[in-house]
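Chains A, C, L and H are the protein sequences, given in the same order. Here the first sequence stands for residues 1 to 145, numbered as in the numbering used here. Here the second sequence stands for residues 1 to 145, numbered as in the numbering used here. Here the third sequence stands for residues 1 to 99, numbered as in the numbering used here. Here the fourth sequence stands for residues 1 to 99, numbered as in the numbering used here.
Among the hints, erroneous ones may be present.
[What the hints assert, rightly or not] Which residues of chain A face chain C? A partial, calculated answer using Cβ under 7 Å:
1. S20
2. L86
3. H125
[Said to hold, decoys possible] These stretches of chain H come out as covered by chain A in the derived footprint (C-beta under 8 Å, 3 or more residues):
4. 23–36
5. 42–54
Since the hints were made in silico from the structure, they are not lab data. Glycine residues also receive a C-beta, built at the ideal position from the N, C-alpha and C atoms.
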Amino acid sequence: MRVALVQAPIDVSAMLAEVSTASSGATTLFLGTVRDVNDARAVDGIEYSAYEAMARRELETIAREAEAQFGTPHIVVEHRIGFLALTDISIAIAVSHARRSPAMDAARYVIEEVKKRVPIWKREHYADGAREWVDPTRGHAEVRR
Amino acid sequence: MRVALVQAPIDVSAMLAEVSTASSGATTLFLGTVRDVNDARAVDGIEYSAYEAMARRELETIAREAEAQFGTPHIVVEHRIGFLALTDISIAIAVSHARRSPAMDAARYVIEEVKKRVPIWKREHYADGAREWVDPTRGHAEVRR
Amino acid sequence: MLFRAQLRPGDRPVEFFHMATVRVLLFASYAEALGTSSLEIEVGAEPRVRDVLASVRARAGATQLPPSPLVAINERYARLDDPVGERDEVAIIPPVAGG
Amino acid sequence: MLFRAQLRPGDRPVEFFHMATVRVLLFASYAEALGTSSLEIEVGAEPRVRDVLASVRARAGATQLPPSPLVAINERYARLDDPVGERDEVAIIPPVAGG
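Next up, chain A with everything else stripped away, as it sits in the complex (with noise of 0.2 Å):
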């Protein structure tokens, strides 16, 4: 089990080879990207900032419960922070299982949870010049994946 904070690029090879053994029969992989357009508005790139400790403690702890739960101890969770354009890779979750339910199950846990918990946020930047924070609880229902 890894997780970590970034500000490079996310090398989406070297954590599928990361999580992979030999005993593993399934792997799943799931990245979150940036998109260009959220709540009908065009958006060319997100400013992603952290309380960078409480989030990686955050994260660890995400995948503790999903190691617990699901029996997964190779999971990695890379998060990236700073600028990302458009489809770059904002988080990537790399589970393997001897069977695929736990890996899947495991690694839509750990989406589902850096969501609500780990103190990460983003600043869109809009087509028209305009720079706004997300704020998923205002009811902005595309601002969820």
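Fit chains C, L and H to the given chain A structure using the hints.
What follows is chains C, L and H alone, placed relative to chain A:
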């Protein structure tokens, strides 16, 4: 949407690039890999064979069903056939979507249906030299990932 | 295939059957059991999937086939009473294990 | 923090309060609203999270804080009536939007 049966190792990075679009907020990748134990026997490789024309057709049908059900046109599925060693990728399913749930649900749908319907067979090579065709209907729960 | 001879009024119809030849594909454990991956099977007129299977069962090694194996006609799953045409490709499908 | 003087029998206890100084971290929209990412806040003895928040609310720009923002003490989510120690790091957490 694209499906393929391949002989060469599956290029996961290329598949992720293939489903990536500026309007994707989430990408899911599922990998099936050859593992070292099945039904408590030590495995050192698996020979995959297929009724190739029908397997391609079924894969395509399944991908279209996922697309219709989850609104996910960006699906790529590759299944490898031939002899695979431990940790080799036998199937890769990549799906992207604006939001995460359809991407995850579609990938899961595809792998579940593949296991039920696509005419592909595997013959496990065991460390003791024996070789056996895997029959998931024989109640070998461990055969399922 | 069924041919009818030209009849005169009052004649009883006379039917000439000929045997249909169907190509059958075998895979994986079934191919191993029967020692081949394809067969040419002779069946009666208007054959159905069950007739093709019955004919395959007469072959050596076919005891390993289950009572109702999966069958496909022209790359699509079929039922036991689906009709089989002479140019159809019938495949007997062992339990699938892909993924 | 609370100090008690040495008492003689029959004396009423005399308590000497001093103001506690708490470090408060602000992030994202909250940091923007208050124009800073950290504050030193003076609060009364035995402060709780709600006291720290009340003190932050007195600052310019704090009207943008919601009635009950998420708060963490030393990198763990806390409740409004959790006690805050003088060396604790209190963070006021805007709605999270990671992933």
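Violations among the numbered hints, reported as their numbers in ascending order: Going through the list in order, the structure violates hints 3 and 5 and respects the others.
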